[in-house]
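Protein chains in written order, with our numbering: chain A, 1 to 351; chain B, 1001 to 1297.
Among the clues, some could well be false.
[Unchecked claim] Chain A regions said to be covered by chain B (calculated; three or more residues, Cβ under 8 Å):
id	stretch
1	189–200
2	217–230
3	273–279
[To be verified] Here are the computed distance ranges between Cβ atoms for each label pair:
id	chain 1	residue 1	chain 2	residue 2	range
4	B	Ile1061	A	Glu213	22 to 28 Å
5	B	Thr1284	A	Glu213	56 to 62 Å
6	B	Arg1155	A	Gly120	31 to 37 Å
7	A	Gly144	B	Lys1099	33 to 39 Å
8	A	Ile121	B	Ile1061	47 to 53 Å
9	A	Trp224	B	Gln1170	28 to 34 Å
10	A	Thr310	B	Asp1124	40 to 46 Å
[Said to hold, decoys possible] Some residues of chain A that are not near chain B, with every Cβ distance over 10 Å (derived):
id	residue
11	Tyr147
12	Arg167
13	Gly313
14	Phe325
It should be emphasised that the hints constitute simulated quantities derived from the structure, not laboratory data. Because the structure is a prediction, the values reported are computed rather than measured. Even glycine gets a Cβ: it sits at the ideal position worked out from N, Cα and C.
Chain residues, written in single-letter form:
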Amino acid sequence: MAKGSRIPITRRFEGLPIIIVFMCILAAFMYTAPGVFTQPFIYTTFLSTLPPLVLLAMGLTFILGAGEIDLSFPAVIGFSGFVFAVLFKEYDLGWWAVLAALGAGILVGFINGALVAFVGIPAFITTLGTQFFWYGMATVLSGGKSYALRGAEESAVWQVIVGRPLRVEGDFAWVSQVPLQSLWTIIIVVFLWFVLNRHRFGEHTLFLGDSNEVSRVLGVHVEWEKIKIFTMMGLLAAIAAIMLTLENKNYFGNQGQGYLLTAIASVLIGGTSIFGGRATIVGTVFGCLIIGMIEAGLVATGLTGAWVRTIQGLVFLIAIIFYLFVDEPQKRALFLSRFRLRSRFGGRTGR
Amino acid sequence: MLSANFRLRCGGNLCYFAGEGIVLIGNMKNARSANVAAPVDAAPFENIVRLENVQKFFGAIQALRDVNLSIGRNEIVGLIGDNGAGKSTLIKVMTGVFKPTSGDVYIRDQKLDLDNFSVSMAHDLSIETVYQDKSLGEKQPLWRNFFVGRQITNRFGFIDIKREKEIANQILMDAIGFRGAGIGVDSTVSELSGGERQGIAIGRAMHFNADLIVLDEPTAALAVKEVRKVLDFVKRIKNSGRACVYIEHNLAHVHEVADRLVILERGAVVAEITPQDMTVAELTDYLISLQHEPGER
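Input sequences plus hints: build the corresponding full structure.
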C-alpha cells in the first residue's frame, strides 16, 4: 500500500471539511430563511461587515500556527481606531491618520512580540496584559469620548478604503453595495496565503509552531520570527480598526471587544491547529464566513440574538474535537487513553 | 596503566588512511546553499576536527580533562562512555555549542579563534549535529524539513517549491535510499518511524555537505529493525567520504560501524580502540575492568 494514501484528505485539499460544513450551513439557512439568504443583499452586507473579522483571523492564523496566542488584538482595534479617529476628525490629517493608526498597530504588535520572544513571558499572559494596557491608553487619551466621523464619506480616505465605487441600476442594483474593503481584504488574504505557504516566513512560522527548539537547531532565528509574527498581527488589527471605524463612521471606546472570541473561533474552526505547526488560510476564510453567517442566519431564522453566541460556541467546540480526531493521531491517542485511565481507576468499578 | 595524558594520535594505522586521496564528493552537488563553506579545492587536510588539551569546567566541576582527540576526514569515530562521562560536552565543544575553558580546537587543521566559534560557524565549516528528536519538524512535510533555514528562494523570499521538492526527492531516493519505501517528499515526519527520521536528518546533513556529521545517540529508544536502518545510514556517511562522530550507549552498534572507538571516563579519554582488535565481548569486559581500576592521575 502506498503511503501517499495515508495523507489525510483534509491535508490534500486545503480546508475541505470546513468548506463542506459551510455549504451545509448555507443550505440550511437558505431553507429556514429563504427570504434573506436567496437575496443578494445579505451577501453584500457580509462584504462590508466581515473584512475586519477576516483580517484579524488572518493574523491569528499565523499566531496560532506558530503555537502562540494573541489576546490583545481587540485593544488594537480600540487603540488604533482611536488614533485614527482623533487624527482624522480633530486634526483633519487624512492619510496621515491612516499611517499613524497603522504605526500604532505595528508598535503594539512589536511590543507584544518582544515581550514574548526576549523577556520570555508566555504569549497568553503578555497579551492579556497588553490588552488591558492599550484599551486603558485609548480610554485615557480619549477621555472616554466617542468620535462620530460625520461626513467622512466625502473624504478620499473613506472613498478609497470603504467606498462603494460601482453604480448599477435595475436588477443588479445590489452591485452598487459592494464595498471596497472587501477588495482590499481579498488582496491581503491572497497575499498572505502565498506568504504562509510559499514564503520563508510562513515556513518558519509553522516550524516554530511545531517546536521552538527544532527551529533553532535548524537555523531559524526564533526570537526575530516571533516578533515579526506579532508585529504582523498588530498591523492587520490596525487595518481592521481603520476599516471598522470608517465603515461605522464612528469610534467608540470599547470597539473591537466582540472580536476576541469570534476571531479565534474562526481560525480554529477553519482547521488551524490549537497546538501550532499547522495553519490554513483557506480554512480561516471559511471559518470567518461560518461565524459571520451564523449570526445573521439565526436572527433571520427567527431565533433571538441570544442564541448566536451559544451556537457559535457549539460549532467551535465541535470543530475542535473534529480536527483533533482527524489530524492529530498522537493527541487523539492521548485523549482516548485519558478516558481509559479514568474507567480503569473508577468509572467501571465504581458502578 | 592508561593515563589521561593520552597520545595525540591514535594508532597510526587509523589516523593516516584518511588523508590518502579520498575525495570529498558533496561540494559539487549543492553550490546553491549559502552554508557551503569549503570549496572543492580546499587545501587537503588530515583531520576534520582536532582537540588539543581541551579542558572544560562548569563552575567547579570539570567536565573535560586534557582531551586530545582527532577525527580523520573519512573516519567514523564511536564515542563511548557512561552517563556523565562527558560525551555530550565533548561534541558540544566540537560543534561550537560550548567554549572550552582552555585548550585548542582545530578544524581542517586550522586553529580556531574560540571567541568567535559558534553553532552557525560550525555549520559554515560544514559540521552538522543530528540530535535525537530535535532535528525535524513533526507536522511538516519532508521537503520543508530538508530546506528550512536555508530555503531556495527568489529575492523576495518566496520558496521555489518545485526545485526544493525535486532535490528532496533526489535525497530520499539516492542519498538515503528510501526508494520504494512508500515515503514521499509530501509525507510528514510524524508518519515516519524513528529510524527513518534519523535517515532524513542524516540525509539532510549529507546534502548540505557536512564534512563531519555528529550523531547524538541516534539509536536510543529504537526497535531493532530501526537500529539496522540507522547503522546503514552511518555506513552511507562513510561511503560518501565524510567523517562521523557517533555517540552511542550500545557497544554492539558502534562496534559494527566505527573505525575507532574512543572511550571517555569522567571527562578524560581513557582509551582508543580499533574495533577489529576486539570483539564486542572483549570490549565489554575491558570497559568493566576500566571501571574497577580507575586511571591514575
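Worksheet entry | Residues of the stretch 273–279 of chain A with Cβ under 8 Å from chain B, three needed, outcome | The restraint on the stretch 273–279 of chain A holds, since 3 of its residues have a Cβ under 8 Å from chain B and three suffice.
Worksheet entry | Non-interface claim for A:Arg167 versus chain B (Cβ beyond 10 Å) | holds (37 Å)
Worksheet item: Does the Cβ-Cβ separation between A:Gly144 and B:Lys1099 fall within 33 to 39 Å?
Response: Once the Cβ atoms are compared, 57 Å apart, the range 33 to 39 Å for B:Lys1099 and A:Gly144 is violated.
Worksheet item: Does the claim that A:Tyr147 lies outside the interface with chain B hold up, using a Cβ gap greater than 10 Å?
Response: holds (39 Å)
Worksheet item: Would you say the stretch 217–230 of chain A counts as covered by chain B, given the rule of at least 3 residues with C-beta under 8 Å?
Response: With 4 residues closer than 8 Å to chain B, the stretch 217–230 of chain A meets the three-residue bar; holds.
Discussion item. Verify the CB-CB distance for B:Arg1155 and A:Gly120 against the hinted window 31 to 37 Å.
Written reply: holds (34 Å)
Item to complete: Could you say whether the range 22 to 28 Å given as a hint is met by the Cβ separation of B:Ile1061 and A:Glu213?
Response: holds (25 Å)
Worksheet item: Do the Cβ positions of B:Thr1284 and A:Glu213 conform to the proposed distance bound of 56 to 62 Å?
Response: Distance hint for B:Thr1284, A:Glu213 is violated at roughly 34 Å.
Worksheet item: Are all C-beta atoms of chain B more than 10 Å from that of A:Gly313?
Response: holds (27 Å)
Worksheet item: Taking the CB of A:Ile121 and the CB of B:Ile1061, does the distance hold inside 47 to 53 Å?
Response: For B:Ile1061 against A:Ile121, whose Cβ atoms are near 32 Å apart, the range 47 to 53 Å is violated.
Discussion item. Just to be sure I understand the hint, the distance between the Cβ atoms of A:Thr310 and B:Asp1124 should be within 40 to 46 Å; is that true here?
Written reply: violated (58 Å)
Fill in: Distal placement of A:Phe325 relative to chain B, Cβ over 10 Å
holds (15 Å)
In this structure, the hints that do not hold are numbers 5, 7, 8, 10, in rising order.
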